[in-house]
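2 protein chains.
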Amino acid sequence: MRPRLLLLLFFVLSIAYAQSVQSPSKELSVTFKVDAAGKPLYSVSYKGQAVIIDSYLGFTLKNLPPFDENFIVTTTKTTTVNDTWKPVLGEVSEIKDNHNELRVSLVQQSTKRNMDIVFRVFNEGVGFRYEFPKQDNLNYFIIEKEATQFNLTGNHKAFWIPGDFDSQEYVYNETRLNAIDNNKLNLNNGIALKSVGGRYTIQSPLMLKADNGLYINIFEAAVINYPIMHLDLNVNNFTLKAHLVPNALGDAAYLQAPFNTPWRTVMVSSDARTIVSQKMILNLNEPSKIDDTSWIKPMKYVGIWWEMHVGKSTWDYSGSQNAQNQQSGEAIKVPHGANTKNTKRYIDFAKKHGFDGVLVEGWNTGWEDWNGNWKEEVFDFVTPYPDFDIKAISDYARQQGVKMIMHHETSGSVASYERQLDRALENMVQYGYPAVKTGYVGKIIPRGEYHDGQTMVNHFNYVPRRAADYRLMVNSHESSRPTGVHRTWPNYIAAEAARGNEFNAWSTGNPPSHETILPFTRLLGGPMDYTPGIFEIKMSAYKPGATEQVQTTLAKQLALYVTLYSPLQMAADLLENYEKHPDAFQFIKDVAVNWQDTKVLEAEPGDYITIARKAKGSENWFLGAITDENARESKIALDFLTPGKRYKAVIYHDGKNAHWKNNPASYAIDTQMVTSKSRLKLQLAPGGGTAVSFVPVN
Amino acid sequence: MRPRLLLLLFFVLSIAYAQSVQSPSKELSVTFKVDAAGKPLYSVSYKGQAVIIDSYLGFTLKNLPPFDENFIVTTTKTTTVNDTWKPVLGEVSEIKDNHNELRVSLVQQSTKRNMDIVFRVFNEGVGFRYEFPKQDNLNYFIIEKEATQFNLTGNHKAFWIPGDFDSQEYVYNETRLNAIDNNKLNLNNGIALKSVGGRYTIQSPLMLKADNGLYINIFEAAVINYPIMHLDLNVNNFTLKAHLVPNALGDAAYLQAPFNTPWRTVMVSSDARTIVSQKMILNLNEPSKIDDTSWIKPMKYVGIWWEMHVGKSTWDYSGSQNAQNQQSGEAIKVPHGANTKNTKRYIDFAKKHGFDGVLVEGWNTGWEDWNGNWKEEVFDFVTPYPDFDIKAISDYARQQGVKMIMHHETSGSVASYERQLDRALENMVQYGYPAVKTGYVGKIIPRGEYHDGQTMVNHFNYVPRRAADYRLMVNSHESSRPTGVHRTWPNYIAAEAARGNEFNAWSTGNPPSHETILPFTRLLGGPMDYTPGIFEIKMSAYKPGATEQVQTTLAKQLALYVTLYSPLQMAADLLENYEKHPDAFQFIKDVAVNWQDTKVLEAEPGDYITIARKAKGSENWFLGAITDENARESKIALDFLTPGKRYKAVIYHDGKNAHWKNNPASYAIDTQMVTSKSRLKLQLAPGGGTAVSFVPVN
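Listed in order, the protein sequences are those of chains D and L. Read in my numbering, the first sequence has 321 at position 321, and its numbers run on one by one without any break. Read in my numbering, the second sequence has 577 at position 577, and its numbers run on one by one without any break.
Think of the hints as simulated: they come from the structure by calculation, not from any bench. Keep in mind that a hint or two might mislead.
Identical copies go unnamed one by one, so any copy, or any two together, can satisfy a pair.
Listed below are the simulated DSBU-like cross-link pairs for lysine-lysine, each with C-alpha atoms no more than 35 Å apart in a straight line [stated by the list, open to error]:
1. K391 <-> K645
2. K352 <-> K341
3. K333 <-> K62
4. K62 <-> K184
5. K112 <-> K194
6. K134 <-> K333
7. K77 <-> K184
8. K645 <-> K33
9. K47 <-> K645
10. K656 <-> K241
11. K134 <-> K312
12. K289 <-> K661
13. K297 <-> K145
These numbers were taken from a predicted model, which means no experiment stands behind them.
I would like the entire structure built from these sequences, with the hints used as guidance.
The following block contains the structure:
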């Protein structure tokens, strides 16, 4: 009962002002208050149950009086929005934006400085932000700390990763809040650069499950010109406080009024599926700033990439740099992957199997000494290695109707990349590359900056903005995690920014539950380039004795194309591995990456998720179901299918004795005819999955 | 006698190794030693007199063992160089490089790390640097501190400015070493951004005069990929220690072997003129990296600039930003200077009077809110204000045969400038601008960097390097001070990087001695865009009651064109002021800016300097003589003139009762015929000067 006692103590507040606003469904309610000291605070309840109890708001500013007290409310305004809009690419063709807004205008009496706090309450959660209007008494200012709290009601179960300012590529921990402790983590996890902000600092999106069955998620939307918000937990009373990522000087954000902060979000539902299918993060972002989006296209691609991860080739021309060598320190001489002949092989494969694109990493000079040395000038973004005939390759790709995907690894030297960016993008235009995969492995230059600081957030938003001028799409790796900004810059088509499949090749890997958590965390902010589709699951196939493996069954690798939304999806494995399994590969060839509709059928973070999606511009549906380390059975009603239509369902499922560890490659493919009235029995092996394609036959 | 006692104590060193090397003249001698602890050290003597007594060498490295002890000498090598080379632009047409080199190869026994220390001994001084060869035990490393000492023999007179990591725009202080104290300075001096490194931290070039009559100068050459060296003085024993400018993390330099540091220099002579005419700084820099230098041309220019300093127009379009408003805070509405009509007026004037170029500041958007707010995105370097028709202007300038000089003020946001640089330079090419004046007023972004840190040094060197790709010349203002790098990048045609004439318009200004010190300090590193030529000397002409003034006579303003070398020289005053004094203006029209030969005839730092120069490709000579606040008479032998030739000498001198403060505008012009056997009597008013042109008449 200790938490409840704390709650009572907490509530002994003298309140000078209070006003509430509800969601359109009236299930969710937010109350804004000002206490006797003029401190603003808010609370959130869902169906009458407290979700966020009184939590303070405000800021500490550098060399200026604090901005979290002595406020009075001057005006309030409520607005209702009920609108729809169409994303350029997405999980659904049309998105509804239905919310009630409460705008509270405050003035700090001692300083005559103004601030608005704006709440938008959707059915699936609340977003709020601070707005600093243009005013006489606040122009330029520096935020040192943001005082925003998210005070929880109890010792919830949390799906959390440490608050690392340079990386989100962690395995999720699943513990009660009071067991969170970064000091107890095993950090021998394959992440080269770690900058954890504090013992109890954790990342958002933070997925929680309360004992009353509520699913709660703390996140943010529209992070623009502002650092990423991490969260400082008090393990005793379960309060969370914003921890903005600072720069080397300890400053968080350099701002000028007028300015609006990102939205702080609290999603809540008694149904876990509501969290996964929420659209409030997108709704809290600005509409597209690109008028003509005709050149923004979904892509399914193969590429010269996994072969460097499994150690069959190298990024560098001289043949020493691949993920296996880097981990082991051994110098095994293997060929340079990005050569003209190999690239043409991938182009041929892409054409033959209907892939849109081919990514080639290691094409440009600089890879010999690229990693881990905080070196400013590493890569040249326009000079190919001598064995990569960029002109011949781009000509050949064009002839074959295949798009080339450029690769720009910066090794963290943003200074060097920004210097070269225009030339690099011009080079892409010259050779007809429509998209670039960027990479930020390593400590950032300008030195002292973190991946999640304001400077880097600005960089990650700058690249797609500048790329849009050249009509180019961007897929960032090792960037700060997305917060829905791809609504505004829809050419920012994907990001990594979480622990992807690659870790399975050379580290402790991603446990079977990993991909069941991503839809509740990383994917809330935007599409992830997870690079699924690994058929040769055990690394011992490449290196006798190796224990690393992809911690799923083969069938689950197929299901990920549906459960992990991205309009940019890689078939990540080596071409020869697909050629060994043409039947299973057929699903990857068939599956769509851009969608008319999406139905989250089942979901429980850390356990399982089942999603069905209808391809854009087609009557085909695809279903993906995955489970964690436990086997799972489920019966799915196919009522999402169009009534009256008959569909041929091809079911790619785990083999009878399949098991992610002992027998991952075992799969079977069944075909059956179904209608919207059918029910489909899913049988998932431990760490397994099922993928289904539904094609109408009449 | 206290200093001598200290000296004796200092000498109680157990020396394990010693080797000396002399200048070609044998007057200067450097001794390198290793003490019993394996610490390297050196000393310098001149004509048998100690100049630098035993001074330690070495480094503190980050997270690595110290690199200043436990050394043994493995090999030494001596070399003699006697060579000549031709600068693209310069004070002389041919430069002699005659020195003896001692290379000492060291190994640190405890770590097996190697370092060479290389001494080059010229007749006018010694340069030494550290070289880190490629080696197994030292690859990437971070320098925290450089241990280099310059231990002086006594309480010399010093010409010093505080060790400010962001500015050199100070008035020189002239005191004994033991009176140096930054805490005692009046810092109400018009410098907006001050970042003084410590109470006893001072800048190099540091000019000294010893009681034995020796002139000594401590400086550095070829600062590339390394921070600027300031000096920490011990006021008790007169030791100086290198103080490298750090970044926000406290790190000085991020390096990878092989790497050579800048040269640390000690110039010494019993003749002050030797310091002024030294060429060792250039000789210590690498030859030009630009093959075709045909596009690098000297320029004399006028421009829309001084009018903003005196408050007659503004940089910004909306008419609020000029140097007078900025100082006073008053909002006096005056027109925007950089408009098409005004620019054409300057072009017409340039054509009429034979100037090469016209600079226009305030032509591009961003000036409304540009200054002092540490704002990242300020200027757009390609978008002119609506009243500046860049196309019409560049067409008109081309028709008139006048070159336009671009202006890029960054307000310190290097991040933004580097992002835009390629586009900015392409814009210059598009409109036919051959040169750019860059500006760095304000705190640097990336935040935490100083103007003098490694990052900014790299930036200041990057801009001319990149500009060379576009065949463009660069003149940087508020950059780190030059160290002869313009030999290597001869399109880096000038820099400000000291207190220029502009300070006289709106601050305590530059005292009459200022320009007599610059040739012993700032100008040792390279040409300065001082912007002389102010005829309307008192600011009360613009603003009744104003006390600011240029602290010279008018004739001295003319002499500066000769005494302050630069191949880029501005006639800085308003056009109407020149039109009022066509006779005096004739000297500015006539004077050359690129030279065949230079003779320093008289020089005493802080007191006076007289220089004669022969124009390149011409038989004309020009002479400039200036004095400090004291009147001065001198008789100059004209033996630099070609024997047998008769010259018409036009002598622009101070009027009878001229005085920099009471009567600065009084001047007179005499003409006389002279030969190489003539002597010329110079009479300089307090704060005055004389300028002479010599044109052969037969």
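Hint by hint, here is what the structure shows:
| no. | hint | in the structure |
| --- | --- | --- |
| 1 | K391 <-> K645 | neither (48 Å within a copy, 65 Å between copies) |
| 2 | K352 <-> K341 | within (16 Å within a copy, 64 Å between copies) |
| 3 | K333 <-> K62 | between (54 Å within a copy, 33 Å between copies) |
| 4 | K62 <-> K184 | both (34 Å within a copy, 29 Å between copies) |
| 5 | K112 <-> K194 | between (42 Å within a copy, 31 Å between copies) |
| 6 | K134 <-> K333 | between (61 Å within a copy, 23 Å between copies) |
| 7 | K77 <-> K184 | neither (47 Å within a copy, 57 Å between copies) |
| 8 | K645 <-> K33 | neither (54 Å within a copy, 94 Å between copies) |
| 9 | K47 <-> K645 | neither (39 Å within a copy, 105 Å between copies) |
| 10 | K656 <-> K241 | neither (48 Å within a copy, 76 Å between copies) |
| 11 | K134 <-> K312 | between (58 Å within a copy, 30 Å between copies) |
| 12 | K289 <-> K661 | neither (47 Å within a copy, 60 Å between copies) |
| 13 | K297 <-> K145 | neither (40 Å within a copy, 53 Å between copies) |
This entry does not satisfy hints 1, 7, 8, 9, 10, 12 and 13, going by the numbered hints stated previously.
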